[in-house]
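These protein sequence lines map, in sequence, to chains A and B. Take the first sequence: its letter number 125 is residue 865 in our numbering, and every next letter is one higher. Take the second sequence: its letter number 146 is residue 167 in our numbering, and every next letter is one higher.
Because the hints were derived from the structure by calculation, they are not lab data. Heads up, some of the hints might be wrong.
[Stated by the list, open to error] Once the Cα atoms are required to be at most 27 angstroms apart in a straight line, the calculated DSSO-like pairs of lysine-lysine come out as: (1) Lys803/A x Lys343/B; (2) Lys96/B x Lys82/B; (3) Lys782/A x Lys86/B; (4) Lys86/B x Lys830/A; (5) Lys782/A x Lys96/B; (6) Lys82/B x Lys782/A; (7) Lys82/B x Lys865/A; (8) Lys830/A x Lys841/A; (9) Lys803/A x Lys865/A; (10) Lys82/B x Lys841/A; (11) Lys86/B x Lys96/B.
[To be verified] A partial selection of chain B residues facing chain A, derived with a Cβ cut-off under 7 angstroms: (12) Arg54; (13) Ala56; (14) Ser95; (15) Ile115; (16) Leu172; (17) Met267.
Remember, it's a predicted structure, so these values are computed and weren't measured experimentally. Backbone N, C-alpha and C define an ideal beta-carbon position, used for all residues, glycine too.
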Amino acid sequence: MDQPGITNYIPILIIFALAVVFATAMIAMSRFMGRNRPTREKLAPYECGVEPVGTARERQSVKFYLVAILFLLFDVEVVFLLPWAVVFRKVLTSPEYQHLKFVFYGGMMVFLFLLVVGLIYEWRKGILDWNR
Amino acid sequence: MTTDQLLEWTIKIGVIFFILLTTVAYLSYVERRVAGWIQLRVGPNRVGPFGLLQPLADGLKFIFKEDIIPREASKWLYLIAPAAAIIPALMSFIVIPFGSSVTLFGREITLHVTRFDVALLYILGVGSVGVYGVMLAGWSSNNKYSLLGGLRSSAQMISYELSLGASIVGVLLVAGSLDLVTIVEAQGATSGYWLGFIPKWNIFLQPIGFIIFFLSAMAETNRVPFDLPEAEAELVAGYFTEYSSMKFAMFFMSEYFHLITVTSMATTLYFGGWNGPFIAEYPFLSLVYFVLKVFIFIFIFMWIRFTMPRFRYDQLMALGWKVLLPASILNLIVTATVILFVN
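Just chain A, same shape as in the assembly:
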C-alpha cells in the first residue's frame, strides 16, 4: 500500500478540500459571529488616526518589478537543476553510463557557469544594489 503510485496523490485533494472548508468557515464565522456596527471613521483606511491623504494606488518603485523578473529567470534555472541532481549519483554509479560521466557533469557546469555570468552581469549593472 505504501508503494509510490499515482493514487498516492489523492491525499492532496483531501487536504485541499479540508483546507478550503476550514478557511471558508473561518471567514464566515468572523462575518456572522462578531458584532457589526460600521461607522464612517471605522471604515476609513487606517493611517495612524490621521485623515487619509490621497490614495494607496500610487506608483511604486520599479525595483520590485526588477526583482520579480530576476526571480523568474533564476527560479526556472533552479528547476532545471532538480532532475539533474536527483539522477546524478545513479548515472555516476551505473556501469553503462561510465563513458558519459564527465559529459553529464560538465554539461551542468557549463549551465551553471552561464548562470553565474548572468548574475555577475546584473551585479555589475547595479540591479542588485537596492539604494541606487
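Take the given structure of chain A and dock chain B to it, following the hints.
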C-alpha cells in the same frame, strides 16, 4: 485504491489537521512565554494554570471581534486573501514523514500521510503559492502600509526562495531522491555510522547548505531579523494592517504553519528526520524524536527573534542576492565535484 486506504488517509489527515491547529494555538502561547522569559518578564499567566488556557481565550476573542471591511478595499479580493494565505500553508504538511511505522489496532500504520516521487518539489511549490495571499492582502486593502508591506514581503519571499531551492539541490545530490521518506531512510541506522557512532545525517555532508537553508527559511517565514514586511515601527502591521477578527488570526496562523513546515523540512532534510537510537525496538520513539527535533528548531527561531535587531531593506536584499545565492551555487558545484571524484 480501496475504501480502506481512503479511510486511512482521511483519518490521518484529520488527526494531523487537529494536531497542527492545536500546536499553532499553543505556539502563540509558547512564543509569548519564551519572550517573557528572555526579556525578564512573566508573559501570559492569568488564564488557567500557568496561563495554559490563554490560546482558548484568544480564539474566542478573535471570533467575537468586529469584522471590518474598509470602505475603499476591493471587497472580494480582501475576503479571499486570508484563505489564499492559509490554504497552501495547511497543505504542505501531508508529505512530511513524522515517524517510521507503528502497529496500531492490529495493522501497520506508516507515520506519514502519503509519499510520492516529487514530494519535495510539492512542498516548494505549495509554499511559494503562499505569496499570493500576502500580495492580495496588501493590494486589496487599499492602504499605504498594507501595500508597502505586501510589496516588500513578496519581493523578500521570492528572493530567498532562490537560495532555499538551490541549497536543497545539494541535499538532492547526496540523497538522489525527491521523496522525503527515502531521504529520511537514507540517513537512518541501516546506512551505518561514520567512525562507528556519528549518524549519517546530511548536516555533516552539507553544513554550508544547511546554513543557507536555515537563513533562507527564516526569511521565508518573515521572522526577525527578516520581518521587514511587518516592521511594526514603520509599517504598523505590514500587509495585514486592515484585517481584524478571525481574518487577522488566519494570517497569524498561516505564519505559524509555515514555521512548522520549514522546521520539519530542516529536520527531515538535514537532521535525519525521525531517526534516533532504539527506533527499531520501539517504533513510537521515532515520533518523539521528530517532534523533539522540530521543537528545538522552533525554539531556536524564537530565541533569535528576541535577540536580534531587524535588517535594513537594502541589507536584506544584498544578503539574499549577493551572499546566499552565490554561496548556494558554489556549494552546489563543490558538492557535485566531490561526488564525481569520491562517490
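These are the hints, each one checked on the structure:
no. : hint                : verdict
1   : Lys803/A x Lys343/B : 16 angstroms, holds
2   : Lys96/B x Lys82/B   : 24 angstroms, holds
3   : Lys782/A x Lys86/B  : 14 angstroms, holds
4   : Lys86/B x Lys830/A  : 57 angstroms, violated
5   : Lys782/A x Lys96/B  : 16 angstroms, holds
6   : Lys82/B x Lys782/A  : 19 angstroms, holds
7   : Lys82/B x Lys865/A  : 52 angstroms, violated
8   : Lys830/A x Lys841/A : 11 angstroms, holds
9   : Lys803/A x Lys865/A : 13 angstroms, holds
10  : Lys82/B x Lys841/A  : 63 angstroms, violated
11  : Lys86/B x Lys96/B   : 19 angstroms, holds
12  : Arg54               : 25 angstroms, violated
13  : Ala56               : 25 angstroms, violated
14  : Ser95               : 10 angstroms, violated
15  : Ile115              : 5 angstroms, holds
16  : Leu172              : 5 angstroms, holds
17  : Met267              : 3 angstroms, holds
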